[in-house]
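There are 2 protein chains.
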Amino acid sequence: MAGTDRTIDIPLRPSPAIILVEPQLGENIGTAARAMANFGLWDLRLVTPRDGWPNERAIAAASRADHVIEQVRVFDTLEAATADLSMVFATTARRRDMQKQVYGPEEGAQRIVSHIASGAKAGLLYGRERWGLYNEEVAIADAIVTYPVEAAFASLNVAQAVLLMCYEWRQQADKGEVLPFDGGLDPAAPREELIGLFLHLEETLDRTGFFKTDDKRPTMVDNLRNVFTRAGMSSQEIRTLRGVISSIDRAHLRQRPGRAVNSDDEGTSSSD
Amino acid sequence: MAGTDRTIDIPLRPSPAIILVEPQLGENIGTAARAMANFGLWDLRLVTPRDGWPNERAIAAASRADHVIEQVRVFDTLEAATADLSMVFATTARRRDMQKQVYGPEEGAQRIVSHIASGAKAGLLYGRERWGLYNEEVAIADAIVTYPVEAAFASLNVAQAVLLMCYEWRQQADKGEVLPFDGGLDPAAPREELIGLFLHLEETLDRTGFFKTDDKRPTMVDNLRNVFTRAGMSSQEIRTLRGVISSIDRAHLRQRPGRAVNSDDEGTSSSD
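Chains as they are written, first to last, in the working numbering: chain A, 337 to 608; chain B, 337 to 608.
The set of hints was computed from the structure by calculation and includes no laboratory data. Hints may be right or wrong, so weigh each one.
Unchecked claim - Result set (DSSO-like, lysine-lysine): computed pairs, CA atoms no more than 27 Å apart in a straight line:
hint : chain 1 : residue 1 : chain 2 : residue 2
1    : A       : 436       : B       : 552
2    : A       : 511       : A       : 457
3    : A       : 457       : A       : 436
4    : B       : 548       : A       : 511
Note that the coordinates shown come from a computational prediction; the quantities given were computed from them, not determined experimentally.
Working from the sequences, and respecting the hints, build out all of it.
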């Protein structure tokens with residue numbers, strides 16, 4: 337459960353229903369439930385699941401998405417399962433000879449978000465593992481959602497197919513909102529600290545004979561500065577790197593405590 | 337196999353490697369392989385899979401994604417598995433106290449598309465089912481990719497996590513857009529060169545007593561690695577930095593030519 341914060345209540349905000357038509361494997365029902373929970377969906381409906389309900393394998397695969405599993409509703413017909421919904425999209429990897437609008441996941445999700453924002457209810461249909469949805473089932477949907485898959489390998493596992501639309505729904509619903517955590521990157525240091533690091537490094541390199549010839553020095557200095565500017569370092573990181581330079585630079589002093597310090601600033605103790 | 341057209345050859349176009357670190361369940365490996373095939377990826381790498389390889393359960397779950405399964409490569413270490421890659425993103429649902437850029441799936445996928453369009457190789461890391469990636473594994477990645485999940489239920493099944501980035505990669509790759517900001521940079525070095533720099537630096541720091549106590553060493557190593565991975569260094573830049581380390585490390589030898597070289601590789605002349 338890496339990353340899950342169990343101190344937070346799970347919000348049940350308005351979101352599309354996921355309707356699995358005659359699902360065959362309990363694992364898939366459970367994995368679909370988990371995928372829904374990952375992205376904040378919770379209304380899972382089953383139309384005549386092959387192995388009945390409840391299903392132990394589904395519960396195991398749901399990986400503690402209890403709030404989804406406990407609310408599962410089972411229906412005898414697709415019509416009953418969609419009765420309260422005013423927008424229904426059928427997901428399918430197969431072209432149908434049908435006068436029906438086809439959306440990609442992003443546009444499909446956008447339409448669902450708009451619909452739900454207006455206070456109405458929406459749902460997504462998913463077919464059987466072996467052969468998907470029948471045409472008459474697709475026919476009751478407002479539109480088709482299909483995925484940008486490889487034509488030569490187009491069949492998604494049903495739980496994977498559920499996941500993708502849950503993800504896209506969340507993306508579109510949260511447009512402009514931030515990820516659950518950001519870089520946590522500390523702010524980059526003020527430029528003077530970066531320059532301080534540069535001068536420290538370059539002084540050390542001058543003293544240790546790194547720049548073989550004077551005419552190459554400016555280019556090599558620029559190249560080194562480019563590496564360190566790209567890293568966008570924090571003040572702490574700059575201090576660490578200066579410690580690294582000093583540590584290497586003065587190692588020989590520690591090995592022979594008799595010698596005097598011959599260089600500059602930041603007098604690290606050589607007592608060890 | 338609804339929707340799959342088996343008369344079409346499966347194209348193996350340049351696409352990111354998927355690297356599963358110590359995957360525990362064969363089913364997840366197989367389902368990940370299927371998800372890759374759905375969206376046109378094919379380079380699957382396993383780091384010490386728990387149950388060895390080949391794995392019957394993986395093959396069954398792959399649902400005839402044979403072209404992915406047959407090319408699976410197994411590695412003993414993450415370093416070996418990423419050696420030829422010059423962009424590596426770690427996927428994680430967990431905030432790390434780490435100085436590392438974090439992308440959402442869309443931006444992460446865009447960056448991978450640009451990188452691959454430039455002729456370079458990229459990969460995505462996925463951790464163990466039970467506890468994900470260790471910090472030291474995240475530390476060798478250029479950046480983190482995380483998903484816009486529900487904070488109270490954040491843990492995705494590993495195959496689901498693979499699917500999402502495969503989907504986003506395909507979405508972004510098919511837009512055919514190349515981001516402008518990769519333009520002027522030399523290509524990033526293969527990961528093995530970066531690891532070589534890390535080991536060189538850390539060996540030098542061990543020898544010079546930089547790490548005051550053993551218990552702080554791992555965190556300090558991760559912090560240093562984070563700085564250098566963020567810089568996205570080229571091979572030339574890595575060579576330069578190794579020269580910098582050697583130059584400072586051996587300065588005292590040049591000052592007293594009588595002393596023998598006491599350290600490692602890259603014997604810079606001490607004749608001056």
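Practice task
List, from low to high, the hint numbers that the structure doesn't satisfy.
Solution key: 1 and 4
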